[in-house]
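Enquirer: Here is how the chains run, residue by residue.
There are 8 protein chains.
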Amino acid sequence: MLRQLLDDVASGTCSPDDAVRRLRRLPFADLGFARVDHHRTLRQGMPEAVYGPHKTPEQCAAIVVELLEEPGGPVLLTRADEHQVAAATAAATELGHDRFDLVGTARLATAVWRPAAERPGRVLVVTAGTADLPVAEECRAVLVALGLRPELLADCGVAGVHRLLASGDELAEADAVVVVAGMEGALASLVGGLTPAPVVAVPTSVGYGAALEGVTALLAMLSSCASGVSVVGIDNGFGAACAVARLLP
Amino acid sequence: MLRQLLDDVASGTCSPDDAVRRLRRLPFADLGFARVDHHRTLRQGMPEAVYGPHKTPEQCAAIVVELLEEPGGPVLLTRADEHQVAAATAAATELGHDRFDLVGTARLATAVWRPAAERPGRVLVVTAGTADLPVAEECRAVLVALGLRPELLADCGVAGVHRLLASGDELAEADAVVVVAGMEGALASLVGGLTPAPVVAVPTSVGYGAALEGVTALLAMLSSCASGVSVVGIDNGFGAACAVARLLP
Amino acid sequence: MLRQLLDDVASGTCSPDDAVRRLRRLPFADLGFARVDHHRTLRQGMPEAVYGPHKTPEQCAAIVVELLEEPGGPVLLTRADEHQVAAATAAATELGHDRFDLVGTARLATAVWRPAAERPGRVLVVTAGTADLPVAEECRAVLVALGLRPELLADCGVAGVHRLLASGDELAEADAVVVVAGMEGALASLVGGLTPAPVVAVPTSVGYGAALEGVTALLAMLSSCASGVSVVGIDNGFGAACAVARLLP
Amino acid sequence: MLRQLLDDVASGTCSPDDAVRRLRRLPFADLGFARVDHHRTLRQGMPEAVYGPHKTPEQCAAIVVELLEEPGGPVLLTRADEHQVAAATAAATELGHDRFDLVGTARLATAVWRPAAERPGRVLVVTAGTADLPVAEECRAVLVALGLRPELLADCGVAGVHRLLASGDELAEADAVVVVAGMEGALASLVGGLTPAPVVAVPTSVGYGAALEGVTALLAMLSSCASGVSVVGIDNGFGAACAVARLLP
Amino acid sequence: MLRQLLDDVASGTCSPDDAVRRLRRLPFADLGFARVDHHRTLRQGMPEAVYGPHKTPEQCAAIVVELLEEPGGPVLLTRADEHQVAAATAAATELGHDRFDLVGTARLATAVWRPAAERPGRVLVVTAGTADLPVAEECRAVLVALGLRPELLADCGVAGVHRLLASGDELAEADAVVVVAGMEGALASLVGGLTPAPVVAVPTSVGYGAALEGVTALLAMLSSCASGVSVVGIDNGFGAACAVARLLP
Amino acid sequence: MLRQLLDDVASGTCSPDDAVRRLRRLPFADLGFARVDHHRTLRQGMPEAVYGPHKTPEQCAAIVVELLEEPGGPVLLTRADEHQVAAATAAATELGHDRFDLVGTARLATAVWRPAAERPGRVLVVTAGTADLPVAEECRAVLVALGLRPELLADCGVAGVHRLLASGDELAEADAVVVVAGMEGALASLVGGLTPAPVVAVPTSVGYGAALEGVTALLAMLSSCASGVSVVGIDNGFGAACAVARLLP
Amino acid sequence: MLRQLLDDVASGTCSPDDAVRRLRRLPFADLGFARVDHHRTLRQGMPEAVYGPHKTPEQCAAIVVELLEEPGGPVLLTRADEHQVAAATAAATELGHDRFDLVGTARLATAVWRPAAERPGRVLVVTAGTADLPVAEECRAVLVALGLRPELLADCGVAGVHRLLASGDELAEADAVVVVAGMEGALASLVGGLTPAPVVAVPTSVGYGAALEGVTALLAMLSSCASGVSVVGIDNGFGAACAVARLLP
Amino acid sequence: MLRQLLDDVASGTCSPDDAVRRLRRLPFADLGFARVDHHRTLRQGMPEAVYGPHKTPEQCAAIVVELLEEPGGPVLLTRADEHQVAAATAAATELGHDRFDLVGTARLATAVWRPAAERPGRVLVVTAGTADLPVAEECRAVLVALGLRPELLADCGVAGVHRLLASGDELAEADAVVVVAGMEGALASLVGGLTPAPVVAVPTSVGYGAALEGVTALLAMLSSCASGVSVVGIDNGFGAACAVARLLP
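Chains as they are written, first to last, in the numbering used here: chain A, 1 to 249; chain B, 1 to 249; chain C, 1 to 249; chain D, 1 to 249; chain E, 1 to 249; chain F, 1 to 249; chain G, 1 to 249; chain H, 1 to 249.
Be aware that a few hints might be false.
[To be verified] FRET-style restraints, in silico, Cβ to Cβ: (1) B/T105 <-> H/G72: 55 to 65 Å; (2) H/S15 <-> C/R119: 33 to 43 Å; (3) C/R119 <-> B/P71: 28 to 38 Å; (4) H/R107 <-> C/A86: 28 to 38 Å; (5) F/R122 <-> H/R107: 21 to 31 Å; (6) A/T93 <-> H/G72: 57 to 67 Å; (7) E/D7 <-> D/E70: 56 to 66 Å.
[Unchecked claim] Facing chain B, from chain E, some residues (calculated, C-beta under 10 Å): (8) D30; (9) G32; (10) M46; (11) P57; (12) I63; (13) R122; (14) S167; (15) E170; (16) G239; (17) L248.
[To be verified] Which chain C residues stay away from chain D? Per the calculated CB distances, all over 12 Å, these: (18) H54; (19) G121; (20) L152; (21) S167; (22) D169; (23) D175; (24) P203; (25) I234.
Quick caveat, the hints were computed from the structure, so don't treat them as lab data. Ideal placement from N, C-alpha and C gives every residue a C-beta, glycine not left out.
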């Protein structure tokens, strides 16, 4: 980018004033309440995700539309409520973009438009319990939006370790594993000890007693005795999917 | 288990391929969203408890049914809301299993099916205040499901220590004591000093001021000057009952 | 005690004034700086343990001597420094009580006098790593003082789960299991899922990164998905041993 | 004060300029590094205490001297190291003020000069264990400096509740009780339930496991189920003594 | 009590068996779900307060009735919701006890029956802001129930320190001061520096930014540079009133 | 103030008694539930802001009226709900003061009366994301009430750093910059490195995973590697505006 | 900078390749272990401060030298130990730059070279106690290095509020006030209520009981009821000085 | 492994008893104090790392020797003190294995034996400041032991963002980036926004004020607004290197 611009200035194709203007204007569109980043996919390989909370439905819709109007990768609306999803869906449909996917509850949904082309990579999403499924589903939806086709292994918690060992071959052959677990989060260590693949651990807010809304699982995963496990924030299935997308070719 | 399987392979009763398959399939039933552990009772002597939160009523019902379809020990649905209880109860009844017990509120109930046969053991459940009763009731229901017949001593908090001392003989002769207390949780230390029996302390979220939703009682119980008191998570009457069941013959 | 005293008063063997005096004087000896509890063994079945920190060597020695002068169970000096151990050992030896055991470092030792007679019970002490051994050794020394003969399984952490599974039979047949683990403390959940025996978990301050001096392991063990695991304080091998002594016949 | 000054201004005894100057200068002496408050005893009935940490020995000595040079109540140097104590003692002696008392260790001492005249009031200082004695001793020394003659009951922890009950009469008749306890701090609740006197609880940093350097005892005392117990900071024997001095006639 | 009983046993007025029975039954009435302490007023000088949360309206009513049926001091129902207040009021009225006072909201009320006779003592309740009034009102209602007639100084926060200084005489002459403050809780230090009276500080959950639901004010009050300030739990106006009642003659 | 009063006393214009009375009465009006500070604007240059939570609508209205009845600076009602806003607006209108501004939601609004005259100063309010806008809007409204005309740069978060760099000139030339950011709060460091102007950072409660309701952003901003960034409480747009008003001429 | 470079490219003074190279090389010097930022003073108006901890003395010396070799503003070495100070001083002296100032202890010192020219601005540094002086001295030294001439008011804590009120005029007339306080940090609120000047609050780690190494003062200052007080990190006298330098003309 | 064993049992090559024995013995060597895992490299692709703390030098040496005696991958001794390094080095040398590398201080070193063969992969290790270098060096040493050849970019903190932008091409082309940062940890977000490569963030304990020994950086990195950044524990350069090794082909 920068080099191209400087070449243009040198060749006279672009005046210094124009260069300053282009530098300011090009990489994002300023909607007043949002500076929409049209180059994020190029720069990071990540989708542009619109984070729902604290935004009005109108703002959500406007940002989704702005993103879809430019060519690019997948567009996601995350942690959205039903009003935000409805507004964005209507606006996108009007633009000719049907919604590709919608997972989650009316209060905490992930919507997807314009998914990426399918790409290779054996990704496992493993959950400790059925209660961790909503987070795992968010992760799976984002992975699919990014072109991956993850397999889900639900309810493999360490209290019945044979349930996980039964999937030993899948673990050994995976290209990446996402571990989704609440309570004491021990599953991440166990999986980390069974696979040479990169392991991204997602602590969930599942549990009680001393689970502290996911903080215990978070700390436990960060302290894992299995080396090379890395961690994202509590209930952040979206972040884990993005981390996986970064590390697959 | 493992030894049996290897013997079968050696004797030709079971081919290696079958053995791998059996290892994978036998100890649990994979419902897709849950891997139901049919051997937990054998392995741990614990009931299989279905933890309600974050599950749909349908998932709760399906897991309860799966567990009841195989012979085994008690089946519990814990921390369930009324929809989960209703769905599981209906499904179990259809299968011919009447619900044995239901305690708690519409938002936080424990349901029991197929209780264990009665077993010996003098178990006391002691609470600091009347406000600790819901947790004590959960504990008592799980103990009963496990075949025990606990006695409840309510409202024995240390601010009126004579209320506890009056039950000194029961304490001295118990086989196990569960102490349920919120606020500063001091009752656990006092009981620990009055009985040679194993003491399992359950901090509760009762209290205000600096009770921190049970964290204060939890820390206090873990720091007890009475030696040999052990602790479970906040409001975890279920866990205390299981701990007692483990330690009684 | 109380009943006996009242009978004596009723029979005239003991005057009311004497009864009041006996009630005040009998159960402990007041050394001015300490009220030594001679009935703790009877009342709790626990040893009287002298907690070293913040006491002078002279105070430690005087309390140990006071305890040994009366008939009774094992006497322990815990978390003591070398000066405290030396003073107590010298004073006890003078009294004719040789020290039975000493474990730990010069700054954090456990000394034992007058151990209890051997008693039955298969107790396993399982550690996650070699670094957890000091806490496990404290636990083992206290168990031995209390008459038990525990077996130690060191370095069974979940990052190499086969190391634990290899001891599956011992776990299945144990009467009680102490799990000693730092970092993420996941071993407690795994062991809890493999044995029907009572499991007492001891978090240790081993680890870094997010281990928070043992707080992470403590929280994780309290949140364990394996039901019926109970927990004692960080690095509290002494407490775990006492909890085991309470629950064995 | 203010009224007197205004009267003087009205009567011409004092010019407005002088009044401003007196207002600024009278109530304290500005040493540059300290503004020594000569009216604190009058205003609060409290001693002026020089807090040692982060001050040089010279600063400690200068402030102690400044305070002793004016007539007034007791002067204390608290939490001082041996160099601070030595410097202040030498400077005070030179001024003709012998040190009245010194308690604590070389690193954490309390020195007293010019104690108050003896005053009535039955004050009990009760400790949970021998390890709490250093804090109790600080409290006692400050109470004596303030003219009180407290009685010390050491080692009355709740693990052997009879040790406390034996002092039931003293508790019932006290004018004020200071409870000094670490670990789970349960003694405060127990004492609060046995006496109608004001109870000031001092959590100490004694303990381990989950005692969190006194935070657990602090939280537990603040959450006490015995009503009307009030609390000062961790290891703050000085503060408890001052609170008692405030409430006695 | 104990002495009387022993005398009776010695004189044959009471058999040992009866003595044991009386010891068990006398000091409290066992309602099954509560052990109502009829001697608390004698023992502690405190009212019996029924803590509402986690109790059913029926339980609240039964305990209030049990307490009113015996002669004694004031009876309070605290932190009650409107259903609990209604049930207790109806039951007490039926018994001939009109409710004396009711303060607070429908969700968090304090009800008073059978207040104590008026007693002397100048008590000030000082609040930092108008938002602290609900806690101050609870404190005032409990003080009145205990026979005191407190004066309220509202909105004296340190951001306008002259508002407090204007009440300097009242502060200087008070017998006890309750300081009710949220946010940074600085008012306690300021008041502590202006009065020789005992100061009981009540942190409130008022504030935002970093007020942490009252934890900041709690910590600040405990760390006060004004010596001898003692503290009760967050929003615990009840506890502060009890602490004041303990310290007044 | 004080000097003036003393001069009056000296000259006989004011008697000492009157002086005492004036000192007590002048600087605030005592409404019983509030001591309204009429000199805050003079003393601090700050507006008198009525903090809504825990106050009744009537109290809010009465304080706003009291403030508007005296000449002075801007009057604000902050963190108010719709009932509080309605009551205060009605009462002020009746007094002849139309509401100047209202921002925020029905549950958390800021209302402004009698704004200050416009004053110079280039103030930037920069937000990390669109979700931070509500806090930024509160800040902007307060700045406008104080006479400033801030410019808003929304959605400049560090994940797309070019969006901020494009506004480099504005940053370099600002007189003060308010940075409003949640999640990891990194924007404050980045802005601090790009401008010589004073930077006031406002952490917001936006985010999840490990954002801890704004605590993470708060800690991060306080730990900023860009020197001279100062910080106000979480979501405290009001405080940031006041800090800016203090530092501009 | 950017504009200048683009102009040069347009005019042919600079080739595109050179421009890229200059962009990379100019604004800092890469020492391998450090990228020394020569434009910080221009960009931020801040000094380049070398943070001592975790650096070798050689690294400290090399960075100080690199900074002094280019023309520019003041150079500081902060939080340095005596070895780091010695190495940097020797290297700078060799270069012809005498050290201008050195404050602090052998383990935590601030060294200054090449101070800025004197600039106007009445800055007050107010401390709550003598124990806060080391942090205040760091702040003062940095202010002097930046050309300011602050006045120090020591020991003005709120327990004796008249000590602060005596300096009311200085507070009212200051251009900026730094408040340095530990324990409960209440001084910041009091000062904020007495001056219209910008107030930068520095919490210190002074205190005990519940001071939590400065966290209590930090939280209290952030929650101050005096509006517009902004805060820097614990013991960060350096940061407060930089914040003041940013806001003075 | 399991399949092979079952085949051998089926073919009679191995008896069931032998199979059980092999299962128990093969995958690790039991040294009594350690169960050395010889298959970790195969299973996880990770090196076997001996964690130094709490182990004796003899234990460290014995485990290193045990690992080197079997063929396999790199062997590391981490977080070791000089005695542990010396003992292990001597024992390994005796066995014919020269130490390949040693980084860190005498108290916190990483020693490497038998490094892996070089493998491809452009890995960047970027630090925020020079003070973060020790952690970065640990990471680099482990990466080299694992066959990678990382490039180090030191001192790129966000306070001078141009220092990082100057390395934009390297970031854009990297296969993996490790970000090492303390204080507010903002560098992770910035880097995450500039590269499509996987980003592993390592918070360090560098900083003060509110850095909380690395907790602030940890929380900030977990809350990063740049999607797909994953995090390891505080100061855990070793863990980051392992995470990178897992994700590269």
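Enquirer: All hints are to be evaluated individually against the structure, with a verdict given for each.
Expert: Against the structure, the hints:
no. : hint                          : verdict
1   : B/T105 <-> H/G72: 55 to 65 Å  : holds (57 Å)
2   : H/S15 <-> C/R119: 33 to 43 Å  : holds (38 Å)
3   : C/R119 <-> B/P71: 28 to 38 Å  : holds (37 Å)
4   : H/R107 <-> C/A86: 28 to 38 Å  : holds (29 Å)
5   : F/R122 <-> H/R107: 21 to 31 Å : violated (51 Å)
6   : A/T93 <-> H/G72: 57 to 67 Å   : holds (58 Å)
7   : E/D7 <-> D/E70: 56 to 66 Å    : holds (58 Å)
8   : D30                           : holds (8 Å)
9   : G32                           : holds (7 Å)
10  : M46                           : holds (9 Å)
11  : P57                           : violated (13 Å)
12  : I63                           : holds (7 Å)
13  : R122                          : violated (26 Å)
14  : S167                          : violated (27 Å)
15  : E170                          : violated (27 Å)
16  : G239                          : holds (7 Å)
17  : L248                          : violated (21 Å)
18  : H54                           : violated (4 Å)
19  : G121                          : holds (24 Å)
20  : L152                          : holds (21 Å)
21  : S167                          : holds (27 Å)
22  : D169                          : holds (32 Å)
23  : D175                          : holds (24 Å)
24  : P203                          : violated (9 Å)
25  : I234                          : violated (5 Å)
Of the numbered hints stated above, those contradicted by the structure are hints 5, 11, 13, 14, 15, 17, 18, 24 and 25, listed in ascending order.
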